[in-house]
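Residues per chain, in single letters:
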Amino acid sequence: MFKFALGRLLQAVPVLLVVITMTFMLVHSAPGGPFSADKAVPAEVLEALEAQYNLNQPLWQQYFSYLGDVVQGDMGPSFKYPGRSVNELILSGLGTTAELGLYAMLVAIFIGIIAGVTASMRPNTIQDYVPMTAAMIGICMPSFLLGPLLVLVFGIHLEWLPVSGWDQIPGDKVLPAITLGTGYAAYIARLSRGGMLEVLSQDYIRTARAKGLSEFLIIGKHALRGGLIPVVAFLGPAFAGLLGGSFVVETIFQIPGLGRFYVQAAFNRDYTMILGTTVFFATLIILFNLLSDMLAIWINPKLRQQVRGNA
Amino acid sequence: MTFHFKGCNDQHQTSLSNFSLKVILAFGVLLGLAGCGSPETNVEEGNRTGVLHWGNGTEPQSLDPHIATGVPEHHIIMALMEGLMHKDSDTLGPTPGVAESWTVSDDGRVYTFKLRDNARWSNGDEHNAHDFVWSWWRALQPALGNLYAYMYFPILNAREYYRGDITDFSKVGVKALDDLTLQVTLNNPTPYFLQLLDHYSMYPVHKGTVEKFGAPDERGTRWTYAGNLVGNGPFKLATWEINRAIEVERNTFYWGNDDVKLNKIIFYPTENLTTEERMFRAGQLHYTNEVPIDKVETYRAANDPALKLTPYLGTYYYRINVNEPHLQDKRVRRALGMTIDRQQITEHVTKAGQLPAYAMTPPNTRGYYPPVGLSFDPEGARQLLAEAGYPNGEGFPTTEILYNTNEGHRKVAVAIQQMWREHLNIDVKLLNQEWKVYLDSESNGDYQISRAGWIGDYVDPNNFLDMFICNGGNNRTGWCNEEYDRLVLDVAPRAKTHDARMAIFTQAEQMLMDDMPVLPIYTYTTKHLVHPSVKNLSENILDQQSYRELYLEGSQD
Amino acid sequence: MLSIPEPQRTNEFNNMTSLLDVKNLKVHFHTRNGRVKAVDDVSFSVNAGETLAIVGESGSGKSVTCYSLLDLLPKPPAKIEGGTAMFDGEDLLTCSSERMRHFRGNDIAMIFQDPMTSLNPNLTIGEQLIEPLIYHPDKARRQSRNIAKCRAIELLKEVGILDAERRFKSYPHEFSGGMRQRVMIAMALINEPRLLICDEPTTALDVTIQAQILELIKKLQKSRNVAVIFISHDLGVVAGIADKILVMCNGLAMETGNADKIFYNTEDDYTKRLLNAIPEGAKTMVNRAQDKSLVEVSNLRTWFKDYSGSKVSIVKAVENASLTIKRGEILGLVGESGSGKSTLGRSILQLAPTTEGTVTFDGTQLTGMSNSQMVPWRRRMQMIFQDPYASLNPRMTVFETLAEPLLYHGLANKNNITEQVQSLMDDVGLARAQMRKYPHEFSGGQRQRIAIGRAIATKPELIIADEPVSALDVTIQAQILDLILDLVERHNLTMMFISHDLSVVRYISDRVLVMHHGILIEQGDTESLWANPKEPYTQNLLAAIPLADPVSERARMARI
Amino acid sequence: MIPNDTHIQSDKGTSLWEDAWIKLRKNRLALIGLSLLIFLCIMSLLTPWIAPYGYEEQDLLMGATPPSAQHWLGTDIFGRDMLTRIMWGGRVSLMVGFIATAVALAIGVIYGAVAGYVGGRVDAAMMRLVDILYALPFMIFIILLMVVFGRNLLLLFFAIGAVEWLTMARIVRGQVMSLRKQEFVEAAHSLGLSQWIIIRRHIIPNTLGPVIVYTTLTIPSVMLLEAFLSFLGLGIQPPQSSWGLLINYGVETMEEYPWLLIFPGIALSLTLFALNFLGDGLRDALDPRTSKD
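Chains as they are written, first to last, in numbering that gives the first Met the number 0: chain A, 0 to 310; chain B, 0 to 556; chain C, 0 to 559; chain D, 0 to 292.
Excised from the complex, chain A in its bound form (with noise of 0.2 Å):
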C-alpha cells in the first residue's frame, strides 16, 4: 500500500510543476496589474510597488525564484492584502473551507446513499422514481439558487437558522453544508443506485437468498459493500471539486473560505494569491485521487491482497 501510494505521489510532481508554469503563464499575461485602480496611481507609486514585488525583473527570472520559494514552502506575500503570506491566508481559509467541505460530504453520502439504496430495491417503480427525480434536480440545481432558497425558508421565513455566518452563531453551519452538499448527494444516488443494482444482480445475492438471510442483511451486508465501489471512486473527485467550487456557498453565506480566496485573487489579479491557491487545489485533487483509489483497494479484498502481497 505504501509503495503504491508513493509511486502514485511521485507521478504528482511533474503534474505540479506543469501547473504551475502554466498558471503562472496565464496570471502574468492576463490583463490589469494588481495595483491598477480606478483612482489612477501616479508612476513613481507603482514603480516602488513593482519594485517591492519584483514585479520589475524580467519574466523568467521571477518564475525560478518564485519556483524557489515555493519548493521551500513559501508561497510569497500576498500583493491584494499588504503584509499578509500567501500561506497565512491559505492556512486562515483552509480550516474553514476543509469543515464545510467534510459537513457538506456526509450530507451528500449519508442523503445520497440511503436515496440510491431505496431506490435500486425497486426499480421502476414510484418507490425508484421519486428518489431518481430528486437527484435530478439536484444535479442540476445550482447553488446561486438552492442557498438564497433555504436561506429565505429556514432564515427568514422559519426563523429557524442563521442566514449567514460561520462560527459566529450557532447553527450557521447547517444551510451552507446542505447548499453545498445537496448536487453531489444526487450524484451519489444515482451512482449507489446504479452500483447497487449491479450487485444485486449477482448469483452471490441469490445465494444469500437461498441460505434465508433476510432482506436487510442481504442489502446491508452482502450487496452494499459491491454496490458503493462506484461511489468511492466518485468521493475523491468530488472532495477536492467540493473544495474548489465551495466559493458560491462561501461568498452567499459570508463564509471565510479558501473558495472566495481563490476566486477574488483572480479578480484582483493578486498573482502569488491565484499561484498558491491553484498550487493548492491541485496537491488536494491529486491527493483526494489517491485516497479514493486506496479506499477502493481497501474495499475490494482481491485488490487488498494483491498490494500488500506485492508491496
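Since the hints were made in silico from the structure, they are not lab data.
Each residue gets a CB set at the ideal place from its N, CA and C atoms; glycine is no exception.
Possibly wrong hints are sitting among the right ones.
Unchecked claim - Per label pair, the in silico range of CB-to-CB distance: (1) A/45 x B/168: 18 to 28 Å; (2) C/522 x A/9: 41 to 51 Å; (3) B/123 x D/257: 51 to 61 Å; (4) D/193 x C/259: 52 to 62 Å.
As the list claims (entries may be wrong) - Calculated pairs, DSS-like style, for lysine-lysine (alpha carbon to alpha carbon, straight line, at most 30 Å): (5) B/350 x B/260; (6) A/2 x C/304; (7) C/78 x A/220; (8) D/25 x C/36; (9) A/2 x D/25; (10) C/74 x D/180; (11) B/206 x A/38; (12) C/168 x A/2; (13) C/25 x A/301; (14) B/350 x B/495; (15) C/271 x A/220; (16) D/180 x C/304; (17) C/138 x A/220; (18) A/220 x C/156; (19) C/458 x D/25; (20) C/74 x C/156; (21) C/271 x C/217; (22) A/38 x B/350; (23) D/25 x A/301; (24) B/428 x A/38; (25) B/329 x A/38; (26) C/458 x C/533; (27) C/217 x C/156; (28) A/2 x C/148; (29) A/301 x C/315; (30) C/325 x C/291; (31) C/260 x C/304; (32) A/301 x C/148.
Dock chains B, C and D against chain A, hints included.
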C-alpha cells in the same frame, strides 16, 4: 441460465424502506435542533451589551492609514484613529480632534494647532505634535506607495519632497513648535485644508509600533495586526479575522472616552448585498453598507424607517473617448448627453432617490451649484446629430458602452442603450468586462464610451474638476483644454474670496459641459438599512459616521 | 394414527411418503414479448435419501422449476400460474415469505452452477458459511459465532478442505473453482437441510474435479439421508448418481422414470436425441493430415507480467512448448482450466505476446512481427472463441460482423458484399433472413455459427478453436462439431481444437496434445493415446470421463 | 432475463438506428421528452416571427409586472415581456447547450477512448494532462480567452467544451478499459483490423450508454455555465439574454418579482427532464440487448 434479481419480496422491501425513512426523519430532526440554537439575535444581544454590528462591504486590505484607500478601510480606521480635526457629522464643519484649538494666519497660509494634553495612544503613550511631524514625513515616503499623498500637497513643499525634488523634510511646512503645538504652512490659502485633516491619510501613526515591525516606509508590515496596532482613536483593534469579522473595543486611554457610548463594534465584510440585506432582516446586523436596488423599492413601499437614503458626494457618469473618430465631434457628444432621460433612469432603474446629474460636481458642494447647460432634449439632439452628419442616425457607427460586470451598471447601460436607439436611432452595443480588464481598457483609451463614477474625498468642487486637466490620471477621456487647466490649477487657488473661487469653478465646469467629454448621469445616494435602536446616526454627503457619538437603545420592535 | 413408515430408498413413486411432491407446476414469464411458458404443468416428487435428476437443455425450464420452489424467481416477470409443491405437508408456492425464509435456511438448501460468482467476493468464506446459523430464521436455533465457527470448520473438513481453520478466514478468490464448490456444498449443508437442490453444480468444473464433486455429493447424501434434486444438461453426469430422472424440454416434462429405464429403454424421442448427442467413440472421418507442416512451434515461452499491485510478478502460462501442426489435420489440445492451453493457442496466432521461442507459419517466422506486418498473415489464420456471447460485438448485426473482415481484407466490395455474406451464412447454416439481426437475438448455437462464419470469412488456412462448444447444450454441441468437421472438409482447413472435454476432443481430432501447468506432457494419435495413456495425469483425465451408462458409472464411482 | 431460446424472433431485421427508433417509439416517457425538445427547438427557431414583443422593447414606466393578459409571463424591471425574453433566451441556451456539449462529447469520447484502449504509458500521460487541465484556474483562463480572442459565441463553445470534456474523457476511459478485455475486441484484433478501426467500430459504440446519460446531465449544467461566463463578459451581452442569465437575475429579485425566476426556471427544468427521459430512452433503445417489442 441465470436470473437477475432486480426486485425482492414486499415484506422485506417495506422493512428496509421503513428503516431508511426513520433515518431520514432522524436526520431532519437533527437539523431542526441544530437550528433552534439562538433565541437572541445579534442585534438584541448587541443592544443589551452595547455592541454594534456593522455591515462593512468588503474585507479591508490594510488598516495602515497611509496605505489604505477604500471606504471599508476608512470606516474601521475612523474608529481606531483620529486626526487633528473632526467634522461636525451634520454640517461637516471642522470641529476639534486631537487639536483642541487652532489659529489661521491672515493670509490663510499658516495654521497653528494646539494639541490637547490629555491625548494618549491606545497603549497609554504620550501623544504629541512630534507624532504628527513624523507620521506626515512617513506618509510622504514614495516607497510606502501612499495613493493619497496628494492630500498633503497643499502643504508647503510637500509635493516637491514627495517627488524627490527636495530631500530635506525640514523644508516642508510642518513644524512642532513645542510638544503640544503644531504649525503647518501652506502653498496657497486652501479653504478646504481643515477638512483634509480629518481624512485618514493625514492621521498620525504610532512611531514605536511602526518601527517595531519594520522600516517606517516599508509597505504592509505587521504593525496593523490585532494585538500590534496602536491608535489614538475612540476604539482599539481587538480581533481581525480575515473575511469573517473585525472587532474593535473601547479604548480607555482615549481622551474623550467618557463620551464614547459603544463598548464594541463588529465590522463584517459583507460582500454580497443580498446576503447583507438578509442578515439585517434576520437581526444579525444593525447597519448595512448597501441595499440591493430591488429591495430599496420594497422598503420604500412599506416606508420602513430602517431604510436610509442620503445624497452622496459622488457622480455617476459616462466617459467618452474623444479620440474615437465619430466621437471627436462635440455635437455628437452633446447629442448623446441630451438623449439620456435621467429622470427615467433615477426613477425607474436606480430607484434609490438618486438625483439626475447635469454636471460633474454635485449640487451644493460647500455652497457650489454647477451651471445648468444640459437637459433632456431629443429634438435638439437629433438636430445636433444631423449637423454632425448623421441625419436620423444614418451612418452612425455602432457604438459600444463599456462597463465593469455589475448588476447596477448593467441596468443603467441597458436603459441608456435603449434611449439612444429610440431617440437617435443609432446602434449601441454593451460590453461588460471583469473589473481589472475594464480598468485596463479604460486607462489605455481602449473604449468608446465607458461607465465611471467619482466619489469626493473632501467637500470642494476642486476635487471633481481637477480630474479633467490634460492627461490627468483620472481624466482618461483624452479631452484636453489649456484654458480649463489654467482656471482649475492656477486661477482658482489664488482666488481671494470664496465666491470668487466658486465663480471660477462655475466657469471651468461650463467649459467642461460644453465640450462634454463626460456624460453626467446621476448624483449618488448612499443606501443603508439601519436598525431603529441605532441612535445619533449622522446622514451627510460624505457618508461619514463618528463612532464615538453613536449609541444603541433597546430595540423598538 | 399409524406411525409414519421409515422412508426407505425405493424406485417406486411413493407419494405418501415423499418429502417433496410437486404437482402440475406452471410458471410463466410475462414479458413485453408476451407470455412465455417457462414451466408448463410439471409434476414430480422426491423422497428422503433419494436423488432426482432433472435433465434438459437451456431454456427447458429445469432451473425455473427449482427456483420457483424457493421463491427465487424475479417477480415480475415470473408468475406461478398454478400447481402445488407440498414439502412435508406445506405448500411452498403459497407460504408467506417469512415461512419461506424458514424453509430456505433450514430445510431446503441449494447449490448453484457457478461457484465463481455464487460466493460473495467481499466476505470471507467463513463469514458466509456461518451466516445460516447465526442469522437462523427462528431465533431459538440461532447460535453464537464461536459454535457456528466450530461447526463450519468441521464441515469444511468433511467436504475435503484441507487446513480448514486457516481457510476459514480466506476470501473466495483464494480458492480454486472446485474448492469453492466444496465450500458452497458445506454452506448448503450447514443447517442439515432435508432437501438439497443442486443446479448444474459441476458444469463449470474440470472433469477430474467434477468427478470428485459428484462423489462428494453422493457420499454426503448417503451419510445424511437427504433428498437431492440434481439439475444438469448432461445425461452423462447424472448417470452415476440419479435414482429417478425427469427429462424436460421447453418447459414440458418429456419423460419421467428411474435412471435405468431412461438410459436403457426410453420411448421418448427427445430423450433419445439427448442420448445420441453425447459425443462418444472415435472420430468417424478420415485423417486428412498431410506430411508437410503448416505451423511449427519450438520452445515457445509465454510469460505474463502481473502488474496488479506495485510489484510485478511473473505468470508462466506456457513453458517451453514445441509442436507442429500438419496441413489438413485437426489437432486436439486438452488440459484443465489454467493449464495454459488457451494462451498457447493465442501465442501461436500472435494474439498473446510470446516471451521466447519461435512460431513459424507456412515457413515464415511470425514471432517478432509488428502488428502491421501481421495484418496479411492474420487473414490466413483465424480463431474461434469459447464464449459466443462475449466474442460477438453486441452492437453489430450479423451482416456487419461478417462483412467487416471481407471488406477489410478486400475479399469483397460494396457491390457483391451482400451475396458474399449470404453464402457465408449458408456455409455455417444460418438463415439468410436473419442477416440484419443482432447477436442477442440468437441462441448460443447460432451465435457460435456466426463466430465460425466470421472466422472462415477470410478463407484462412489455420483455425484455432478455443473451447468452441463447451458453452453449448449437448444437442447443439453435436451440431456445431459436425459443422466444424464439415467446414474443415470443404475448405480444407487446418485446425487446432482446444477443449477440456475429452470426449469431444476424441470425437473430432486426429492427434491430441495434453497440457498440464503450461507444459505439454503427452501427445499422440487420438485412439492410441486413449488406448494406453502413459502419463498418470492423462490416465486420471481419461478415468474421470463420465459415461452415459448408469451401471458402469455406479461401478466406476464405487471404484474411486 | 429471458432464456434466448424462447425469444420470439422477428425475421425482418433493422439497422441500429431504425431499431433504436422502433424501441424509442414504444417508450412513452422518452417520446414525451423528445417531442418536448422538438417543441422547444421549433419555438426558438420561430421566435423572431412569433415572439409577442421585441426582446429589447422597454417600458420603464411600467417596470416589473406580474403575469397579465398582455404579458402572459409578466415583465421584467425594464418592462420587457418575459415570454419574449424566455423565447429569445431559449435560442441561446439551447444552441450553447447542444453545440458546446457536442464539442465536449467529441473531444472527450475520442480522447478517453484512445487513452483507455492504448493504455500503458500513453494512458498515464494523457490522464496526467487531464489532471493538469482540471487544476488550472478556470477564472483566469476565461478572462484570458476573453481578452485574447475578444468575445463571441464560438469562443463560448470552446471555453465550455474545454472544461466539460475532461469528465467525459474519464468516464469513457473507464468504460474502454473494461471493454478492451472483451473477447469480441480480441476477435476484431485477430481479424487484423487496425487499432483505429477497432476503437471506432467496436469500442466507442459500446460506450454509448453511460456517455448518453452523462450528456443529458451535461447540457443543463452547460447552460448554467454559459450564464456564469456571460456574467464575466464572455458570451452574450444585454439586451440579449439566455435562460441561465434570466435565472441569475431572477435569483436577485426572487422575493420581489418571483415570476422573473420561476418561468425561466421552469423552462430550464422542462428541458432538463425532457433530456433526461430522452437520454434514458435512447440508452435503452441503442442497446440491442433490450428487446425491441
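Against the structure, the hints come out as follows:
1. A/45 x B/168: 18 to 28 Å: Since residue 45 of chain A and residue 168 of chain B have Cβ atoms about 23 Å apart, the given range 18 to 28 Å holds.
2. C/522 x A/9: 41 to 51 Å: Since the Cβ atoms of residue 522 of chain C and residue 9 of chain A sit about 50 Å apart, the hinted range of 41 to 51 Å holds.
3. B/123 x D/257: 51 to 61 Å: Once the Cβ atoms are compared, 58 Å apart, the range 51 to 61 Å for residue 257 of chain D and residue 123 of chain B holds.
4. D/193 x C/259: 52 to 62 Å: Holds - the Cβ-Cβ distance for residue 193 of chain D and residue 259 of chain C, about 60 Å, lies within 52 to 62 Å.
5. B/350 x B/260: 35 Å, violated
6. A/2 x C/304: Status holds; Cα separation ~18 Å.
7. C/78 x A/220: 28 Å, holds
8. D/25 x C/36: The hint holds at about 24 Å.
9. A/2 x D/25: Roughly 54 Å separates the two Cα atoms, so the pair is violated.
10. C/74 x D/180: 34 Å, violated
11. B/206 x A/38: 28 Å, holds
12. C/168 x A/2: 26 Å, holds
13. C/25 x A/301: 42 Å, violated
14. B/350 x B/495: The hint is violated at about 41 Å.
15. C/271 x A/220: 47 Å, violated
16. D/180 x C/304: 16 Å, holds
17. C/138 x A/220: At roughly 19 Å apart (the allowed maximum being 30 Å), residue 220 of chain A and residue 138 of chain C satisfy the hint.
18. A/220 x C/156: 26 Å, holds
19. C/458 x D/25: 42 Å, violated
20. C/74 x C/156: 38 Å, violated
21. C/271 x C/217: 26 Å, holds
22. A/38 x B/350: Given pair residue 38 of chain A, residue 350 of chain B holds - Cα atoms ~27 Å apart, limit 30 Å.
23. D/25 x A/301: 43 Å, violated
24. B/428 x A/38: 26 Å, holds
25. B/329 x A/38: 26 Å, holds
26. C/458 x C/533: 38 Å, violated
27. C/217 x C/156: Between residue 217 of chain C and residue 156 of chain C the Cα gap is close to 16 Å, so the pair holds against 30 Å.
28. A/2 x C/148: 36 Å, violated
29. A/301 x C/315: 21 Å, holds
30. C/325 x C/291: 6 Å, holds
31. C/260 x C/304: 54 Å, violated
32. A/301 x C/148: Holds, at roughly 23 Å.
Figure legend: structure checked against the earlier numbered hints; hints not met, in rising order: 5, 9, 10, 13, 14, 15, 19, 20, 23, 26, 28 and 31.
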